[in-house]
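Two chains, each in its own frame: build the complex with the hints.
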Amino acid sequence: MQTAQQENITWHDICAISEIPKDAGVAALVEGQQIALFSIAKTSQVFAIANYDPFSEANVLARGIIGSIGEALVVASPIYKQHFDLTTGQCLEDETVAVESYPVRIDNDRVYIGLTV
Amino acid sequence: MRTKKKIVVIGNGMVGHKFMQAIAKENNANEFELITFCEESRLAYDRVQLSSYFSGRTAEELSLVEPGFYEDNDITVHIGDRANHIDRDKQVVTSEKGVSVEYDKLVLATGSSPFVPPIPGHDRENCFVYRTIDDLEKISAAGKKAKSGAVIGGGLLGLEAAKALKDMNLETHVIQFSSRLMNMQIDEGGGSMLSEKMEEMGVRIHTNKNTSLIEEGKNAVHKLNFADGESIEADIILFSPGIRPRDELARECSIETGERGGIVINDQCQTSDENIYAIGECALWEGMIYGLVAPGYNMAQVAADQLIGKDNAFKGADMSTKLKLMGVDVASIGDAHANTKGSKVFTYVNGPEQVYKKIVVNEDCTRLLGAVLIGDANDYGNLLQLKLNDIALPETPDALILPQRDGAVAGIGVDALPDTAQICSCFDVSKGALCTAVSDGATTMAAIKECTSASTGCGGCTALVGQVLNKELEKMGVEVNTDLCEHFPYTRQDLYTLIRVNEIKSFDDLIEQHGSGHGCEICKPTAASIFASCWNDYILEENHVGLQDTNDRYLGNIQKNGTYSIVPRIPGGEITPDKLIVLGQVAKKYNLYTKITGGQRVDLFGARLEELPDIWKELIDAGFETGHAYGKSLRTVKSCVGSTWCRYGVDDSVGTAIELENRYKGLRSPHKIKFAVSGCTRECAEAQSKDVGIIATENGWNLYVCGNGGMKPRHADLLATDLDRETLIKYIDRFLMFYVKTADRLQRTATWMNNLEGGLDYLREVIINDSLGLSAQLEKEMQSLIGTYQCEWKTTIEDPEKIKAFKPFVNANTADSNIVFVEERAQIRPANDDERKQLANA
Chain X
1 MQTAQQENIT WHDICAISEI PKDAGVAALV EGQQIALFSI AKTSQVFAIA
51 NYDPFSEANV LARGIIGSIG EALVVASPIY KQHFDLTTGQ CLEDETVAVE
101 SYPVRIDNDR VYIGLTV
Chain P
118 MRTKKKIVVI GNGMVGHKFM QAIAKENNAN EFELITFCEE SRLAYDRVQL
168 SSYFSGRTAE ELSLVEPGFY EDNDITVHIG DRANHIDRDK QVVTSEKGVS
218 VEYDKLVLAT GSSPFVPPIP GHDRENCFVY RTIDDLEKIS AAGKKAKSGA
268 VIGGGLLGLE AAKALKDMNL ETHVIQFSSR LMNMQIDEGG GSMLSEKMEE
318 MGVRIHTNKN TSLIEEGKNA VHKLNFADGE SIEADIILFS PGIRPRDELA
368 RECSIETGER GGIVINDQCQ TSDENIYAIG ECALWEGMIY GLVAPGYNMA
418 QVAADQLIGK DNAFKGADMS TKLKLMGVDV ASIGDAHANT KGSKVFTYVN
468 GPEQVYKKIV VNEDCTRLLG AVLIGDANDY GNLLQLKLND IALPETPDAL
518 ILPQRDGAVA GIGVDALPDT AQICSCFDVS KGALCTAVSD GATTMAAIKE
568 CTSASTGCGG CTALVGQVLN KELEKMGVEV NTDLCEHFPY TRQDLYTLIR
618 VNEIKSFDDL IEQHGSGHGC EICKPTAASI FASCWNDYIL EENHVGLQDT
668 NDRYLGNIQK NGTYSIVPRI PGGEITPDKL IVLGQVAKKY NLYTKITGGQ
718 RVDLFGARLE ELPDIWKELI DAGFETGHAY GKSLRTVKSC VGSTWCRYGV
768 DDSVGTAIEL ENRYKGLRSP HKIKFAVSGC TRECAEAQSK DVGIIATENG
818 WNLYVCGNGG MKPRHADLLA TDLDRETLIK YIDRFLMFYV KTADRLQRTA
868 TWMNNLEGGL DYLREVIIND SLGLSAQLEK EMQSLIGTYQ CEWKTTIEDP
918 EKIKAFKPFV NANTADSNIV FVEERAQIRP ANDDERKQLA NA
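The listed protein sequences correspond, in order, to chains X and P. Residues 1 to 117 in my numbering are what the first sequence lists, from first letter to last. Residues 118 to 959 in my numbering are what the second sequence lists, from first letter to last.
I should point out that these hints are in silico values taken from the structure, not numbers from a laboratory. What you are looking at is a predicted structure, and each value in this text was computed from that prediction instead of being measured. No residue lacks a Cβ here, since even glycine has one placed at the ideal position from N, Cα and C. Errors might be hidden in some of the hints.
[Stated by the list, open to error] Taking lysine-lysine and the DSSO-like style, the derived pairs with C-alpha atoms no more than 30 Å apart in a straight line are:
{"no.": "1", "chain 1": "P", "residue 1": "K264", "chain 2": "X", "residue 2": "K81"}
{"no.": "2", "chain 1": "X", "residue 1": "K42", "chain 2": "P", "residue 2": "K924"}
{"no.": "3", "chain 1": "X", "residue 1": "K81", "chain 2": "P", "residue 2": "K954"}
{"no.": "4", "chain 1": "P", "residue 1": "K829", "chain 2": "X", "residue 2": "K42"}
{"no.": "5", "chain 1": "X", "residue 1": "K81", "chain 2": "P", "residue 2": "K283"}
{"no.": "6", "chain 1": "P", "residue 1": "K283", "chain 2": "P", "residue 2": "K847"}
{"no.": "7", "chain 1": "P", "residue 1": "K566", "chain 2": "P", "residue 2": "K439"}
{"no.": "8", "chain 1": "X", "residue 1": "K81", "chain 2": "P", "residue 2": "K439"}
{"no.": "9", "chain 1": "P", "residue 1": "K706", "chain 2": "P", "residue 2": "K677"}
{"no.": "10", "chain 1": "X", "residue 1": "K22", "chain 2": "P", "residue 2": "K706"}
{"no.": "11", "chain 1": "P", "residue 1": "K858", "chain 2": "P", "residue 2": "K829"}
{"no.": "12", "chain 1": "X", "residue 1": "K22", "chain 2": "P", "residue 2": "K858"}
[Claimed, not checked] Listed next, the stretches of chain X that the computed footprint assigns to chain P, with coverage defined by at least 3 CB atoms under 8 Å from CB atoms of chain P:
{"no.": "13", "segment": "27-39"}
{"no.": "14", "segment": "59-70"}
{"no.": "15", "segment": "74-87"}
{"no.": "16", "segment": "91-103"}
[As the list claims (entries may be wrong)] Pair ranges (Cβ atoms, derived):
{"no.": "17", "chain 1": "X", "residue 1": "A72", "chain 2": "P", "residue 2": "P694", "range": "52 to 60 Å"}
{"no.": "18", "chain 1": "X", "residue 1": "E100", "chain 2": "P", "residue 2": "T931", "range": "51 to 59 Å"}
{"no.": "19", "chain 1": "P", "residue 1": "V618", "chain 2": "X", "residue 2": "A72", "range": "30 to 38 Å"}
{"no.": "20", "chain 1": "P", "residue 1": "Q630", "chain 2": "X", "residue 2": "T43", "range": "17 to 25 Å"}
{"no.": "21", "chain 1": "P", "residue 1": "D600", "chain 2": "X", "residue 2": "A72", "range": "41 to 49 Å"}
{"no.": "22", "chain 1": "P", "residue 1": "S934", "chain 2": "X", "residue 2": "A72", "range": "29 to 37 Å"}
{"no.": "23", "chain 1": "X", "residue 1": "A72", "chain 2": "P", "residue 2": "D950", "range": "24 to 32 Å"}
Okay, chain P solo, but in the shape it has when bound (with noise of 0.2 Å):
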């Protein structure tokens, strides 16, 4: 037997992770044996998005390890533990805790740490760097007792640094050597615009300073000195002016290095030691270091594909940047500060809005060299294509950045891009592909991101993305209609501005004045639907009663044979003996088919339509209320027993299940919406695969939305921690009225905030930072429906003529006969077509 080649991997960031997974994905022969060194205490996670660490992420949800993935792929994971020397004659690798291991190849994925400038002071305690989750776990706890904190470099990670001190509710300086912020990507212009917005949310910008000495403060932790005299005080300081390769180990063997650092590899990412390989921020190419992950995971590919013997190289990388900074965009495009001889430059300043564009062209006008926007990056995809694709400018380039006012389409149309044009950078998907995956049947924007994944990393590339389907599907055939029916050239959400706007209450009204024809059984309940949510009349009122589907119009789920399931309320699935014992003697009594259902509460099926008031009325008097197991509209909110009983609980998860239940009960919605309460992080009410999922911490309620199970599950994305009841409650309204409003007909949450732009991050703008200006509104909104709420059955027993609705027949109390049951497992069940001839002809 041909023995596997072993391939060692120092280091298990992004970078080294990436590149393991490409040896795994074309490891099927099991020709390659692959073992790990990873010196912190996890596994490879999302080092780009640490800072959402702060605003909420957990450590777990930015973990980029697949469960299994180790373990399905046989990779040895030696964690918490460093590499520290390898003997490249003998081709070993030996570890601070004694491990050796031999390697065939050998991969260097060390990264890069922080550099901490030798100011005196620097090692006094509450001085931190940001690097790693134990980094921020460790300023985190400081955090809990300062009120001030400085960041030491104003570059791109200090900036992030900052914004952990900001979500931390401190007083936050950032101390810049340089003239401006992002000195490296941004120029002047640029750079006070930035400084302007960072300052007018509260964030101290400090440029041309000179840290000189860190001393003990007087209201502060510390004091920092400045080479001109001033000072400032803090209680915790961040160091990030910038980070070094992490070539230590390399330099210890003898393996070239750069001048400043950085281990030297060719065009196929390896070293002087034609065995051993570089990738990442470690990698010094052609005097270059890469301090992004794309290019580190374009490295990670190439060095994979020699290893499998595929022909592939390393051909430096665009440093293009977009990001959004304390919900300030910033992008930077290749030669920013137009350092190349002859070039132009066009800039845009809007004062009052705070945007500064500045392109930079070549001599003649007709080629993109360069770009910086802050404030407002919607052009960031369209200039990186014209730069990257090297596509002629129009005539007048400035049209590029001006404010499109008359309705005019800028930039230069997805049409004109090459197919290997890359689209995201993130993912690495060309336009191609996308065009391959649109008529592979990839047909929205949900559908893309899905076979795809492009525009789910920084989401940067949206927009881009959305025209290239759009484009595609023009070219198809495939007229893009979103209109809900042919009755209505509008969507759902423009249905539900109009209805709102104009206060229209009837379906007549709404398709004589917006619509044509008759309707139909896809706007009829859609409308429905919208007048509850926004005048939440009962919805068996004359006017309303044709619009309903069958399950709203009879209050109850048909089943195969024609006949209702019937689901009382059970707030929490909370019950008291005396009324399970009613759902007993109702079931019992009309012989219905009795289950538990996954939402806490009990479904009795085998109703008759002529049934449901009779059943209905036994259910209220005994001190029930429907349960809209039959509507789109709010479900269940299942919890955990909680800190009542548990002896885990932290906080009381029934009661505010409870209170959830009966504060949104009733709500109609596009489609049903599904709560459920932990009362802690063992999650024992599954809160994460709902609509709305709340857990209690030490701290206060963790929101969750947009979870789904179902056909296509969905972990449901944090959206705040730490909440007071109140705020949670706020939220919450927020969420619910926001969703209700714009989401489309049958579109549960998960997919509705696939198809946002912005996806969770908009969300919080929306729901916590307002940015919509709509808070106040939905919470109005909320507040009149939770007024309005009224028990559907309760109304309609009360009433003899919407009782006489349920009567099987126009003119005869008969019962339907073809209506038939047999007996299975002690109970009822429908009877199939060859049971139901036998019994006919018995």
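One chain only, chain X, in its complex shape (with noise of 0.2 Å):
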């Protein structure tokens, strides 16, 4: 799906696309760091960006209600419940702060995540 600086990229292996329930999120542990990936079952999209929620300094952002904000999807932190773009990892309540994002890719069923090398 998304393939951006292909050259410099780790593709891991994470689960089967089945293992993610519908339209919610799951966390994964990828090289020591943790990613939150979510499906939107609507696009069949797999989205991931970062697991830590750094207004609450605790790895849950995988946990959150995810929905739109007029065109932009976006994932809620269960804790102080600011947004963050599942695309780009930009939260839309301060400018200051994103969270890591990452390319996701799909195939045969699996999600692969990519790391930049």
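Structure representation (structure tokens):
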């Protein structure tokens, strides 16, 4: 799906797509990094951003509710409810805050996350 | 040092109390000393609401005196002591009990007394007047042994008294001397409509009856003989043919009084002695006695302002009035009888619906002079404003009272009102004051009520206040948007109806048919909660799991470090030692911080996501169920130990609490719901601070609703008294389902009630009198929820697929290294930032 900077990316096989609950998130551990994966059933998309919530300083973003604000697909932190853009990791309430976002590839119903080498 | 000015107030009724409040408010310099004589054994209480004593309000609830008011303001109260002499030369008041007090200024707020006509037999036993709480207590005691009662007098107060008889389930008669009820306020047409409605409710109305003799009855205590030869029998007689100003003290010391009673006052409320004031129903201003509370309050303010040195004068008062008599709207404005020369009348009568409306206009039909409304008084606010502000009428004035069948808006619109227009007459709130409150941030009806008190009295102005609020918000550019969120152009109540009526069972269907976008953290949990309230499916079903807030999704309460707390259900707070030991063992095994909650349960903190299923398996094996502490749902039913152990207990509060908790556990609602049950009026379970509070009395259960602790404490209101268990449960079923059906998202019952037009009375109508015809449906819906209850944790641990969702990572079983605890007072707590760094470096 997202193929930016293909040459510097290592793809990690995470799970079967069916292991991500419908229109919700799960956490994954990749090379010691905690990553939140979200599925959008309607468009069969999967997004990956950091699981760490900079406001509560806890690894919880995968447990937030996903949805849309205007055109943006977002997750709301389950602790203090700030929104993060699923594509970019940008916080919508505070432009100085963003979390890491990761490219995702789906191949043969497996979900891969790309980490920059 | 300058000595304080001594003000003595004779009479501690509503008006006397108001006067002291007005002085106390301005007495910062401690310039005045206040002393009051109170003939009754109780301090000032709300006499206007007196009849609500019979529908369950207690004497305490009727009190107008805030706790500590007299103490804080150093006011000396001679309670249960009547002032019986004024020495004007020495400026001394003496009392029945022999107290004598000097005064600089004296205020007479002696009120009025009910007039008892000298009919032979009027002094027989079981003959009462209807004026004080003491009177009511006597009536109430006599009512227990009686089957029937008669009120002599069909005016406003007489009908209030009739309501009291009706509330005691007595066969009720009203005997009126003139040809119609409330002949002072309403006309012939209105009177006959009112009679018709009253008769329908089982009150027998006898007009044109002059009672000539009361004697021993054959089948009842009394026989009332009328001048026309007819008679009726009744066990209790209430006299309410009228009131007389209590001016005897003034008469005795030769202060000027009116020919037909009343202490003469000038515009400053001064009597013929410049050091003596008279206010309220005992005062006679320009030949008028004002028997309503609002003008009395006005006089109290005027007299207080004189003493404080502020410019103010009493300029008469509008005698318009609106009230509900046994559920019937009755309103009268200005010249209700069209006595003004040349006046013209428009009348609207709707026989089947029993509505009567009349307006009286001036000769050229441009100004409103008066009105009578029976059966539907929604136009009262509008009409009153038209009259008071002398606003030009529309070309066809009858439009003001004709039903608006094509959706057109009647009346004037609040924009036409000047800022000085009084919108709330109970608390004297002007349109200008409301506008200021809105621009200062009171942008909801509840906020307006709180900061201005408007529409918290009789509630007659609620619709108008709402209109002012919306108009002001519109002007400020605030769109009055009640949409749930950007994805649904509906309120929660609308969504509830859509889901229920169209039997929608998934969010995908809901948003496809009625919304747009992907949803969000507002509409998704709201929809999930409504699905649960309607269909009660397992909340972690595939279609629902993504809708749940993290607490519901993992069936625990998330804490600041991402761990969860666990609260097993302990119904009524009753727990066996064995179960208590299990809680301790589990807490110890998983090293959980343990704390007793306010709801008589045990909260275990610090469980990691992946530990939750194991912990719950142990708890469920030991016989525990989920406590729904994570849900917007029924939390606990707190109880005191009750009659089983307590030497004061009147009924089994623990048993009732357990029954109720098991009945309503798992009920998903707009917000959390808390109950408590007390076994006697000592109220050790603090039931009056709960959404639903139940208190045992000698005669059954008293049911309180819409209380709240927390941020904005609110005392619960008494909904019904002396209920048997079956009725109690029926009312609670209805109450809860009505709340679930109509409240906004995250609206507790207290705020919900504050926003309900009509408040407690409305709620009583719906729940007790079934005014919306909903009761059977609400009970059925509740029954279906009770029948489909499941322990969500039990369902979860029995399904290996569901347990997988609690893995820390989809691709690893490693624990989250960011969760770190330190020890404090022999238990764990989350490490703070510094501690975490230190531990990482160590």
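Going down the list of hints, with the structure as the test:
A distance of roughly 62 Å separates the Cα atoms of K264/P and K81/X; the hinted pair therefore is violated under the 30 Å criterion. Restraint check: the Cα-Cα separation between K42/X and K924/P comes to about 25 Å, which is no more than 30 Å; the hinted pair holds. Of the pairs offered as hints, the one joining K81/X and K954/P holds, with about 26 Å between alpha carbons and a cut-off of 30 Å not exceeded. Distance hint between K829/P and K42/X is unfulfilled; the C-alpha atoms sit about 42 Å from each other, more than 30 Å.
The suggested pairing of K81/X with K283/P is violated, with an alpha-carbon distance near 54 Å, which exceeds 30 Å. Our distance criterion of 30 Å between C-alpha atoms is met by K283/P and K847/P, whose separation comes to about 23 Å. Restraint check for K566/P and K439/P: satisfied, since their Cα atoms lie roughly 20 Å apart, inside the 30 Å limit. As the CA atoms of K81/X and K439/P are separated by approximately 48 Å, the hinted pair breaks the 30 Å bound.
At roughly 22 Å between alpha-carbon atoms, K706/P and K677/P fall within 30 Å of each other, so this suggested pair holds. Of the supplied pair hints, the one linking K22/X and K706/P is violated, its CA atoms being roughly 34 Å apart against a limit of 30 Å. Only pairs whose Cα atoms come within 30 Å are accepted, and K858/P paired with K829/P is accepted, the gap being roughly 23 Å. With a CA separation close to 28 Å, the supplied pair K22/X and K858/P stays within the 30 Å bound.
Against chain P, the segment 27-39 of chain X contributes 6 residues with a C-beta closer than 8 Å to a partner C-beta. That satisfies the three-residue criterion, and the hint holds. With 10 residues carrying a beta carbon less than 8 Å from a beta carbon of chain P, the segment 59-70 of chain X meets the three-residue requirement, and the given coverage holds. Taking a C-beta to C-beta cut-off of 8 Å, the segment 74-87 of chain X contributes 5 residues in contact with chain P, enough for the three needed, and the coverage statement holds. Counting residues of the segment 91-103 of chain X whose C-beta lies closer than 8 Å to any C-beta of chain P gives 0; at least three are required, and the coverage claim is violated.
Distance hint check: the CB atoms of A72/X and P694/P are about 55 Å apart, consistent with the given range 52 to 60 Å. A C-beta distance of roughly 19 Å is found between E100/X and T931/P, which places it outside the suggested range of 51 to 59 Å. Range check, V618/P to A72/X: about 33 Å between beta-carbon atoms, so the 30 to 38 Å window is met. Judged by the Cβ atoms, the range 17 to 25 Å given for Q630/P and T43/X holds: they are separated by roughly 19 Å.
Between D600/P and A72/X, the C-beta spacing of about 19 Å breaks the proposed range 41 to 49 Å. Checked against the hint of 29 to 37 Å, the C-beta distance between S934/P and A72/X comes to roughly 31 Å, which is consistent with it. For the pair A72/X and D950/P, the beta carbons lie near 31 Å from each other, so the given range of 24 to 32 Å is met.
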